[in-house]
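Asker: Residue-level listing of the chains:
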Amino acid sequence: MDLFKLISEIEKVDPEVYDRFDSRRRVFKHFGTMGKAVTAATLPALFSGLFTRAYGQTGTLPAEIAAVLNLALQLEYLEFYFYDTGLKSANLIPAAERPGIEKIRNDESGHIKVLRGALGSQAFSQTDPPVTAFDYTGGGRFPDVFTNQATYFGVAQGFVDTGVRAYKGGAPVLMPNKDLLEAALNIHSVEARHSSHIRSIRRGSPGAMPDMNNLNQKPKSWISGTDNGGSAPPTTTPIYGPGTPATGGATDIFFPAESNITQAGVNIQTNTTGVAITVAGASESFDEPLDANTVKSIARLFRAPGNTVLFA
Amino acid sequence: MATTKHSPEQEEAAQGSALLQPIQRRSFLRYAGFSACATGLLLAGCGDDDDDEVANAIDVGSGDNGVLNYAYALEQLEAAFYAQIKTGTYYTGLNASSAERMILDDLAVHEKAHADFFKTALGSAAIKQLEPDFSSINFNDRSSVLNAAKAFEDLGVAAYNGAGRFIQTPAYLVIAGKIVSVEARHAALIRDLLAYNSFVDNDVVDLFSPTSATSGPGVGNGTGLERSKRPAEVLTTANQFLKQGSKLSANSLR
Numbered sequence: 001m002d003l004f005k006l007i008s009e010i011e012k013v014d015p016e017v018y019d020r021f022d023s024r025r026r027v028f029k030h031f032g033t034m035g036k037a038v039t040a041a042t043l044p045a046l047f048s049g050l051f052t053r054a055y056g057q058t059g060t061l062p063a064e065i066a067a068v069l070n071l072a073l074q075l076e077y078l079e080f081y082f083y084d085t086g087l088k089s090a091n092l093i094p095a096a097e098r099p100g101i102e103k104i105r106n107d108e109s110g111h112i113k114v115l116r117g118a119l120g121s122q123a124f125s126q127t128d129p130p131v132t133a134f135d136y137t138g139g140g141r142f143p144d145v146f147t148n149q150a151t152y153f154g155v156a157q158g159f160v161d162t163g164v165r166a167y168k169g170g171a172p173v174l175m176p177n178k179d180l181l182e183a184a185l186n187i188h189s190v191e192a193r194h195s196s197h198i199r200s201i202r203r204g205s206p207g208a209m210p211d212m213n214n215l216n217q218k219p220k221s222w223i224s225g226t227d228n229g230g231s232a233p234p235t236t237t238p239i240y241g242p243g244t245p246a247t248g249g250a251t252d253i254f255f256p257a258e259s260n261i262t263q264a265g266v267n268i269q270t271n272t273t274g275v276a277i278t279v280a281g282a283s284e285s286f287d288e289p290l291d292a293n294t295v296k297s298i299a300r301l302f303r304a305p306g307n308t309v310l311f312a
Numbered sequence: 001m002a003t004t005k006h007s008p009e010q011e012e013a014a015q016g017s018a019l020l021q022p023i024q025r026r027s028f029l030r031y032a033g034f035s036a037c038a039t040g041l042l043l044a045g046c047g048d049d050d051d052d053e054v055a056n057a058i059d060v061g062s063g064d065n066g067v068l069n070y071a072y073a074l075e076q077l078e079a080a081f082y083a084q085i086k087t088g089t090y091y092t093g094l095n096a097s098s099a100e101r102m103i104l105d106d107l108a109v110h111e112k113a114h115a116d117f118f119k120t121a122l123g124s125a126a127i128k129q130l131e132p133d134f135s136s137i138n139f140n141d142r143s144s145v146l147n148a149a150k151a152f153e154d155l156g157v158a159a160y161n162g163a164g165r166f167i168q169t170p171a172y173l174v175i176a177g178k179i180v181s182v183e184a185r186h187a188a189l190i191r192d193l194l195a196y197n198s199f200v201d202n203d204v205v206d207l208f209s210p211t212s213a214t215s216g217p218g219v220g221n222g223t224g225l226e227r228s229k230r231p232a233e234v235l236t237t238a239n240q241f242l243k244q245g246s247k248l249s250a251n252s253l254r
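Sequence lines, in order, name chains A and B. Taking the working numbering, the leading residue of the first sequence gets 1, the next gets one more, and so forth. Taking the working numbering, the leading residue of the second sequence gets 1, the next gets one more, and so forth.
Only chain B is shown next, with the shape it has when bound in the complex (with noise of 0.2 Å):
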């Protein structure tokens, strides 16, 4: 506790009312905070802190390993979804020296390298291999499995951008970051392969409107800032793809 930035407070509270007397600031919080839990309308996490828990979830845990292990899960769910492409007809379809067939296998290594990469790392904290559930997914049908791939690498993005501020060690943000833009590139890549131009879009980015054709720098509504995402609600996207066993929370992560 710091001892000396108390005048300003005491000052103050010398001119108020008995209502305004000094109490200790602890003390209010907590009254603060019991009051918050115990005014009949829920708020989420008040009082019991498995409010908002999937049942039987696997928690990625808290600090650093807790941030790796989230980015483990999400590479894991990237990693069997690009092995099991290779699976349908509409992978192996594809011309042997195919551009398409090129870009998935690309797609397949990088996300395979990023899960056992974290899972090294991770060492025996790392959480349990996952069961994916990918029985939405028609394997078999070009739209079906890039659309997929799209909503996986731009939930990738939004997550690790979303995770930063809980990083605490500097070498793990940088490495978060190196993964983060290559998942972005395949993010841009598919998007592109879908609809040309569509590699940022409103529903992933922020777009920027200049005010006017001839507007300067800056000038213009929106900010050009990917939608970044919070871990909670990346895991109830993520969930879907989960087998029970398999579903995760991060707790600790808000």
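In isolation and in its complexed conformation, chain A is listed as follows (with noise of 0.2 Å):
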């Protein structure tokens, strides 16, 4: 911690960083706080809680960031109720799939408990929207969700995928909040592994052969271009399509289709060297963002007739 670096690196970025410290007394005073006598060994901890205090969360936070943790949050409800609903559904996940949608479930309840901290009184809700918030047959599109097992892994896929295109399209917002950024991103990471994992149970094993003719059926763990439309196209297929809007210049945020292999203005295709790559490659190697109104645009199938709240 080299602090005359840190403190004019700040002041670079925040010409007010000296007003933004409490005065001479309240510091001291916050040094108080240790009862000790300060010590090379308490000094990181004081000068980090100084910090926090001159730049924490004070109370409100903006609501386009309240916003994207909102939908964020919807999302996590949609998706434990979901798991929670299939673990208690009797003859539905094989006994050696069990551990595993048993660890999907818990994340996505830790998520909750994240994003409900990070809300406060700002959560769209102060208590749990009921299970029966949800339309898990999406409409009637699904009727033997909770009793089809091929179905519910197609639908369980569509949502985690969804769920991964939704942080990341909903991650710039929160640069202004360094530490919100960096825990939606650990959650981000997270959804991206279920989704693997969820598309490994779909193809038979981990080990098992992706038929490339068919990837609704049989899907890598990675998206390839659109994956055919997902597990049920076509209500699936706004999943790996584009949002809106779909192009941009290098600097732009946009939400082109999973199909996308231009990265930055980079064609990946014809920019990869020494190995064999194709069209199909170029897309797998990069996941695309989607934006907020096409995902809930999407997540709205699976609400509940009536409901007004959720994903509006």
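One should not assume that every hint holds.
[What the hints assert, rightly or not] Quick list of the computed label-pair ranges, beta carbon to beta carbon: (1) 244/B <-> 293/A: 47 to 55 Å; (2) 123/B <-> 95/A: 35 to 43 Å; (3) 262/A <-> 202/B: 36 to 44 Å; (4) 312/A <-> 131/B: 35 to 43 Å; (5) 244/B <-> 126/A: 55 to 63 Å.
[Claimed, not checked] Computed list of lysine-lysine pairs in DSS-like fashion (alpha-carbon distance at most 27 Å, straight line): (6) 218/A <-> 86/B; (7) 296/A <-> 178/B; (8) 178/A <-> 229/B.
Hint data in this document are derived by calculation from the structure and do not stem from the laboratory. Quick reminder that beta carbons are idealized off the backbone N, C-alpha and C, glycines included.
Given two chains presented individually in distinct reference frames, assemble the corresponding complex, making use of the accompanying hints.
Answerer: Structure representation (structure tokens):
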């Protein structure tokens, strides 16, 4: 911790840094909370506290940050109840898959805890929505979702892949709050791990071959092109398709389909050397973000009729 | 500098003793900084920026280029690892049409695509081609190869997540996000190949445990968050796989 350098670096991006610290008296009061002499060993913690006080969250989150977190929270409830209900449904999830699905259910529960903690009074609801707030048949599209294994894991793949795209799309909004950003990134990668596992289950095992002619039946652990529209085309096609806006410049934020092979103006297929790379390989190498409105339109298929709170 | 926020401090200072007379906050901080470095017990980085640097390390730089070069370095390492897999008897012994071989082929393609992408995107700002040292890995042994793959993929995920806060340009954060989820897909699959249902485990994810079997959502211990790592911690591991002259530091990313 080089304080000289730190302060001068902060001053470059925040000319008001000195005004953010409390008065000298309050600084000493803060030091006093240690209840003992300030030693070199305690200084890092003290300064870390000082900076948290200067820059920490002081109450309300900006509306755009709260909106991103609330959408994420609603998606986590969608997922939590989906896995929880699946685990409680007789003869649905094979014994060999139960430990994995329990882990996924628990991860989502943890994400709910984290997001609620960050949102506090700004959460979309101060109480948990009930499981009946969701309609996992997707308005009758998947009537056997909790009795047919293939349907269940197909819908699961749709949820996790939507979640990964949603967090990726929301991340830039969180940039002003570095700790919230990191927490969201730490959820995002876990959702991607879930997606990989669900895709392995659908394939038959981690080491089973995908069927490249029918990826909606036996997908890879990564998204190849648009995965033929996902597990249940045409319902799941939007999960792998473009969002809005679908195109933009090299430093713009935009939401191409998962089949996109150009990143920051670089064509990944022609740019990659030394290995044989197909268009599919170029698309698999990068996942794509999705905008909030497109995510909501997908998720609204799974809210109970009459519910106007979720994914609004 | 803001000009209108002084009154609360002035008010409070007026109530204080001589000891608490207002001083320039800058002076206070400089004084405090000096003390922190002068107290004998060494604090990492204080006084000497080179304290924790690896000798002759290649520094990835600062700002967005620093983060991109950091990512480029890790992708180079991964790409070189998967390229070298193809020289070992574990890979060459796999049936040409086996799923495991297809998976390793895909991983090799993805990681080379990532590395070459960063090289092109960085242009003249890119760090040099690194020389890996994989002498600790037995490329003829499945367990050695897959455990190394697991370590690299998990490290990559933790590294991207922990470096996100240093990115300044939103579009670059999205690019990093596009790659890290693919790395997470890799990590989960390799882990499931080694031990089924270990796609998330407590070494990489702070697993959540419900308080009871009937707990409602969010009630329990843990967070379900990936355990992200800051660059210094990541590079300590990565440098074990790089030759002298190719070892890395990230002194501006902390």
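Asker: Work down the list of hints and note, for each, if the structure agrees.
Answerer: Hint by hint, here is what the structure shows:
Checking the proposed 47 to 55 Å range against residue 244/B and residue 293/A shows it holds: the Cβ atoms sit about 52 Å from each other. Taking the beta carbon of each, residue 123/B and residue 95/A are about 54 Å apart, not inside 35 to 43 Å as hinted. About 38 Å separates the C-beta atoms of residue 262/A and residue 202/B, a value consistent with the hinted range of 36 to 44 Å. Hint check: residue 312/A to residue 131/B, Cβ distance near 54 Å, so the stated range 35 to 43 Å is violated.
For residue 244/B and residue 126/A, the Cβ-Cβ distance of about 58 Å falls inside the hinted range of 55 to 63 Å, so the restraint holds. A threshold of 27 Å between alpha carbons decides the hint, and for residue 218/A with residue 86/B the separation of about 26 Å falls inside it, so the pair holds. As the CA atoms of residue 296/A and residue 178/B are separated by approximately 20 Å, the hinted pair is consistent with the 27 Å bound. In summary, the hint linking residue 178/A to residue 229/B is supported, as the alpha carbons are separated by about 14 Å, within the 27 Å threshold.
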